[in-house]
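Asks: So the chains spell out like this:
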Amino acid sequence: MASKRPTSVTIRSYQVGFGDCFLLSFHYGEKEGAEARHVLIDFGSTGKPPKSGLSMKEIASLIREACTPAGGGKPKLHAVVATHRHADHISGFGGTSGEIIAGLQPDLVLQPWTEDPDAAPDAREPTAAAASAKGFVARLDDMHAVSTHVLAEVATLRGLKTVSAQLGFLGEDNLKNLDAIRTLQDMPCRHVYASYGVRSGLEKVLPGVRVRVLGPPTLKQSAAIQKQREEDAAEFWHLQAQAVRPPAGDGAVAGPLFPGAAQASSEDLPFQTRWFLPRLDALRGEQLLEIVRILDTAMNNTSLILLFEVGKKKLLFPGDAQIENWLYALTAAKDSGKVQKLLAEVDVYKVGHHGSLNATPKTLWNLFRKKSETAGSGRLQSLLSTMSGKHGSTDRNTEVPRRKLVDALEKETTLHSTQKLTRKSQPCNEVRIPV
Amino acid sequence: MPQASNHPRTRRMTIVAQDPAITDETGAILTTEVEIPAERLAPGPCGYRVHVIDYDSSTRTLYEPAVLDGTGGAPLFVKPSNDEIREDPRFHAQNVYAIVMRILGRFEFALGRRVSWDFQSHQIKVAPHAFADANAFYSERDEALLFGYFPGRGGKPVFACLSHDVVAHETTHALVDGLRGRFTDPSSPDQAGFHEGFSDVVALLSVFALRDVVKAVLDRSLAGGSRRGAAPDGLVHEKFLTPEALRQSVLLGLAKQMGEEMSAVRGQALRRSVKLQPEDIQADPEAFREPHRRGEILVAAMLNAFVEVWTTRLESLGRIQKKYFDRERIAEEAAAAADYLLTMSIRALDYTPPVHLEFGDFLSALLTADHEIRPDDSKYRYRDSLRRSFARFSIAPASQGGAEEGIWLPSQGDVNYECVHFDSMTRDRDEVFRFIWENRQGLGLFEGAYTRVETLRPCLRIAPDGFALRETVIECTQLLELQASELAKLRIRKPDGMSEDTPVRLQGGITLIFDERGGMKLAISNQLAGTPETEERQSRRLQDLWDFGHFNKGASLNRRFSVQHRLRAMGSPRQIQEEW
Chain A
228 MASKRPTSVT IRSYQVGFGD CFLLSFHYGE KEGAEARHVL IDFGSTGKPP KSGLSMKEIA
288 SLIREACTPA GGGKPKLHAV VATHRHADHI SGFGGTSGEI IAGLQPDLVL QPWTEDPDAA
348 PDAREPTAAA ASAKGFVARL DDMHAVSTHV LAEVATLRGL KTVSAQLGFL GEDNLKNLDA
408 IRTLQDMPCR HVYASYGVRS GLEKVLPGVR VRVLGPPTLK QSAAIQKQRE EDAAEFWHLQ
468 AQAVRPPAGD GAVAGPLFPG AAQASSEDLP FQTRWFLPRL DALRGEQLLE IVRILDTAMN
528 NTSLILLFEV GKKKLLFPGD AQIENWLYAL TAAKDSGKVQ KLLAEVDVYK VGHHGSLNAT
588 PKTLWNLFRK KSETAGSGRL QSLLSTMSGK HGSTDRNTEV PRRKLVDALE KETTLHSTQK
648 LTRKSQPCNE VRIPV
Chain B
1044 MPQASNHPRT RRMTIVAQDP AITDETGAIL TTEVEIPAER LAPGPCGYRV HVIDYDSSTR
1104 TLYEPAVLDG TGGAPLFVKP SNDEIREDPR FHAQNVYAIV MRILGRFEFA LGRRVSWDFQ
1164 SHQIKVAPHA FADANAFYSE RDEALLFGYF PGRGGKPVFA CLSHDVVAHE TTHALVDGLR
1224 GRFTDPSSPD QAGFHEGFSD VVALLSVFAL RDVVKAVLDR SLAGGSRRGA APDGLVHEKF
1284 LTPEALRQSV LLGLAKQMGE EMSAVRGQAL RRSVKLQPED IQADPEAFRE PHRRGEILVA
1344 AMLNAFVEVW TTRLESLGRI QKKYFDRERI AEEAAAAADY LLTMSIRALD YTPPVHLEFG
1404 DFLSALLTAD HEIRPDDSKY RYRDSLRRSF ARFSIAPASQ GGAEEGIWLP SQGDVNYECV
1464 HFDSMTRDRD EVFRFIWENR QGLGLFEGAY TRVETLRPCL RIAPDGFALR ETVIECTQLL
1524 ELQASELAKL RIRKPDGMSE DTPVRLQGGI TLIFDERGGM KLAISNQLAG TPETEERQSR
1584 RLQDLWDFGH FNKGASLNRR FSVQHRLRAM GSPRQIQEEW
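Protein sequence lines correspond, in order, to chains A and B.
Reminder that position 176 of the first sequence reads as 403 in my numbering, one-by-one numbering, no gaps.
Reminder that position 139 of the second sequence reads as 1182 in my numbering, one-by-one numbering, no gaps.
This list has only true hints and no planted wrong ones.
Within a straight-line C-alpha distance of at most 30 Å, the following computed DSS-like cross-link-like pairs (lysine-lysine) qualify: (1) A/K598 - A/K647; (2) A/K361 - B/K1318; (3) B/K1282 - B/K1318; (4) B/K1199 - A/K361; (5) A/K447 - A/K361; (6) B/K1199 - A/K403; (7) A/K361 - B/K1299; (8) B/K1537 - A/K631; (9) B/K1537 - A/K638; (10) A/K278 - A/K651; (11) A/K539 - A/K431; (12) A/K565 - A/K598; (13) A/K258 - A/K431; (14) B/K1299 - A/K447; (15) A/K403 - A/K388; (16) B/K1366 - B/K1282; (17) A/K303 - A/K403; (18) A/K540 - A/K258; (19) B/K1318 - B/K1422; (20) B/K1537 - A/K589; (21) A/K631 - A/K589; (22) A/K284 - A/K301; (23) A/K231 - A/K431; (24) A/K447 - B/K1318; (25) A/K638 - A/K565; (26) A/K638 - A/K275; (27) B/K1537 - A/K598; (28) A/K597 - A/K540; (29) A/K303 - A/K258; (30) A/K597 - A/K539.
Worth flagging that the hints you see were computed from the coordinates, not collected in a lab.
Please read these numbers as outputs of a predicted model, since none were measured by experiment.
Just chain B, same shape as in the assembly:
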């Protein structure tokens, strides 16, 4: 009989809490320990999902692979000094490895299953000093996360690989690409902005989920003001804890500090997101059709919801003294709120349609993902806060909702389960296709389009109360290739100026969620064509794509993350309509 294993499931590793610009009161760079899956690491470090290869293409230097497991399996750096953090490439290797694994671990925990990369290999390559350039990006073609370095204001190098949020952001691009490969396809401004916006959301929430960072930012942003004045030690006056005060102090404070060193990599996007007000969008709606600006709206809506939930949690926590809250608990509540919203956000990906994502779809997915596992929202009112915050930015849920406002409606109508075996449906794509084929009309699929079951993923999700939810998530996509002249047959408008013989691809898709008894719970669809609403949406999308130059030769090269990030840092959108 096999013995119970003594091998621990997780291990702790030290990382730079945010980036080297954030220090404690002694001037030491703020570090923190994170919990990541335990594994037997090869030099690199090289683990089962991540392989750090420290090659610098600007100087053609390959550094010796770092051996992170010291004697007894202890990590190489437990309490690294400032010099080690800045100057030891082995610590940089540890830092990127641990952050990528942490984000991967967060995704796997939230989704209740393993998450694959969008390429054949199981191991993503990570180059912590890939080039001397103020850039960092995920490259699917190279199966890699690449981080640059550049001299900072004092002349000392600044390393993108030491910025928690930059590493988390790039890792999220790679993970979302693995989960929803079609989200990088040309579609609406919303979908184009989603990858950047969502990666920022995950990066920021994963930083706020670290208590040490929140405490440091809270201290720094309140220090020098009146906090210390009358407040007893370790307490914070309630006037600093209103949503508006926290937005100004903690959110903007963190965005500014992040901007101190890394603005060349990400521009002022974070600061702009935090400051963004709905009136800004109303004043210049055209500017917010541009993908980067569009992504900022998603970040703003999520961060405002975060602050609202945080203050709700503080209210229910109660005051230590009249008008004063405990600083430690304030940070803990921020971390708990951020962690929960992070789980919700990641889980929401499973409840999005596989193609043509719009922010309203994502909001419905967020609400549904949480409702499925935690129907009662009365305690901290996460979903209320999200609905309100998104509404302020004019984002309405794609679904009107039934049992609760905004959640996806349960699938209705007759579903034919004959001839299929649920047991097989949790692992066999052909069996799923048979189910879909039998129900193609009820599911609103377009007859004659190339139809494919892209993924089939059984999951086990754990609720905050320990309740387990078993689901199977299925992604099915449809593709139709035709000439622009044929669009009229589908009642889809040809963009002005597009020639009749332009090849056009139309996509549609459906996400099916099955419960543990084999019943279809949800069918989240973005149909290819066939209804007046779908025809209108497809017409609008084609016009947008035409306006933004996606039908131009070489346009796919401009969709690469390296180019997107550079444009974002530079803040220079192209004027495609004016080109030849």
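Next comes chain A alone, as it looks inside the complex:
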């Protein structure tokens, strides 16, 4: 290795539509043939732009290309980070594209503690285990079950286009991506399941780089914020998983609750109350959407938050962490004062959760010291991987990306958004940062 410390970092944000895929290449020397080490942070998508979208296999090939030493030789990916289990972050690890990534023989797979197979529940006793790691992971499984059932029921909703579309999108994102999860688990290398404050294992892979894990907090840590609410949430998801009953299949709704009871047709109701049935159908769609939205947030909050310190530069990759995850690092952790000081110096910010309204907490944003309304070398750079019109709605001020946030990013940072990649010939944004 020409240098013991990186001299620069290249960050590629690939156009995956609604999803995340970032390749960080740490260059150890600027001369031709100097070694580079590569870390892939997430590889998933739940919606591609119609014209500029490359397939996941094509993107995997581009990643392989980027990981090939300049003078030729065997391509090598040094580490894979899967911030959390949402499809828009890990779907690419399944199928052929996943095989290509696995073929790059990473030395390390880094995931949040919630993905640790040892934390997987062997028995489903959610109440007893509510405050335990197993109980929490069982809850994530319950959420997948809810999504599966909701998706099946969406197919049967009548005349509710907008609600159905949103349900379909969120439901799919929250399905258990077994194929991708298995590929990640089966990679024959070191696996680290990290939580706030632990070592990420990336230091060994990336000499001269310090990586701090700022989230997710463990259950014990988050108890400092959530107090006695854990039990309620565990109970809620366990019952909800069973409440949303699987339909009979083939697009048919579930069988009646009381098969032996006499049924009636809506014509049997008095004229003045027939409006009530379609109203209840519509309400059902809204209720399902409400549940799936809560579920989506809970999953996002299992996201890894990583702060890379490379030379004098600080790069922040918070996955989809929303405020509930961030709260521990920002306010409750014993060393939150120190963390705040570090965050103030961030040079590159991967915008949380595709630019949604509550994944760039105001407290965090206000900390960033390098925001500036004028362009210049020391200005904060922001990386946004997103696609409008997939998530949330402008009617409720929940659109992703949130317009107000994008305006602030454009005004006070140098913004690199994948939305600007509108041709297949532009597969990614590439930013090189001397460190």
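Following the hints, put chain B in place on chain A, whose structure we already have.
Replies: Below, chain B alone, put in the same frame as chain A:
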């Protein structure tokens, strides 16, 4: 000459006493009979105020409307078996119908008049199996009470419609909305917490007002302990009957049993309310600004007062043997105390200001409502207990009181009755408006605001001794719409970060109570602006609303009861201040 009617005024109907988790010693689900207004029911059942429509939106199944009147008008289910209770949708229809009618009947009895829903229709729709979801809520938009179902621990379905307190809770939301439509408007954390807290209070007191439930909970919570040991049959040792012992055994016992099946619907809120101590609030005051936690304070204050009154009643009852009380009478006294506090609580709604309710206003309303009809409190000291209990939770009455501490002061100053006719004032809103207009300065109304007489309600209330109190209750509200930049003119502070052109609505209002001779007894006001105190309160409210995101687009959707209940069950408050 018309003949006296043989048609009975009331009828009895069997309901599940609390929920199917509460059984008697033989394992039979505890049921009880409740008295509700008699009426000629159509299939559904469909009556003059309630229409049960058994449609399941998850399976798109409409069940045949239940015909509850058997031969001779007898109810369909008198002594239902466990299987019928769990598996016959017609019994579920009977159960929800009877509980909704019972709560409606309690409101109408307490208020001394008919109570309307907050929508055009006279009949609220009730769907006992609305969806497969651990939720139940009142939806004003759909004119309905909706109850979900979900699998329980044993795999058998749990039905929200079979839980007395859940049905009573949702019905109370609908009734309070009909009585004080503005209480769902954005205001203070107190008002946001009031709907949930008050609905819990009514639900719990209406369950405690059933002797059978109290007996079962008392037996279950004392069984296995030392109760049976030395106590003669049917007696309970006095050491189990101190306020603290009853809080631990009966209140917590019931909260736990209710939690066994239904915690997914209501979370652990009831258990938390029962356990809540004033020190908990002092330790984390910020957490108790959140509406659900705020509501728990109201429930805690009311339940502690209930236990205190209950023990006071037991003391005056006397012991059967040295140190022992009769179990039957213990349950009866609990039921009587709960029933009385329930009446007081409902009646208090008439004595609240129409907008911007805070818990101190509700306490003054409670004390006044009772003082008006029963001036002498020396027997069971209900009002003393309430004052003490609320004080423990740092809730002071909004009024300092005159004849008695904490009650609203009688209206003072010159009131101009010229040009108005009292007879018309009991039925004509325009006549009332004329009275208000003539007296607008004395009543502290804000000149130039949109002013409206919302409701006009003559009532006839009956005291425990049979004494009748006639009153007319009038609700008048004021509304001012302006831009944030104009707040300074009213000496109201603009919240930090609010832009100058943000549209702001300010509300004020006054409740007037007239006696039977046409004199104005009480003017209970939350003024819109004009005094330093009002300006300070409005400034504080605006800041709170800004902090909690009520000025955000779509915020009204998050105020719906369905969302509120879900958040309550989940226990996950939003961090609005951190959002974009």
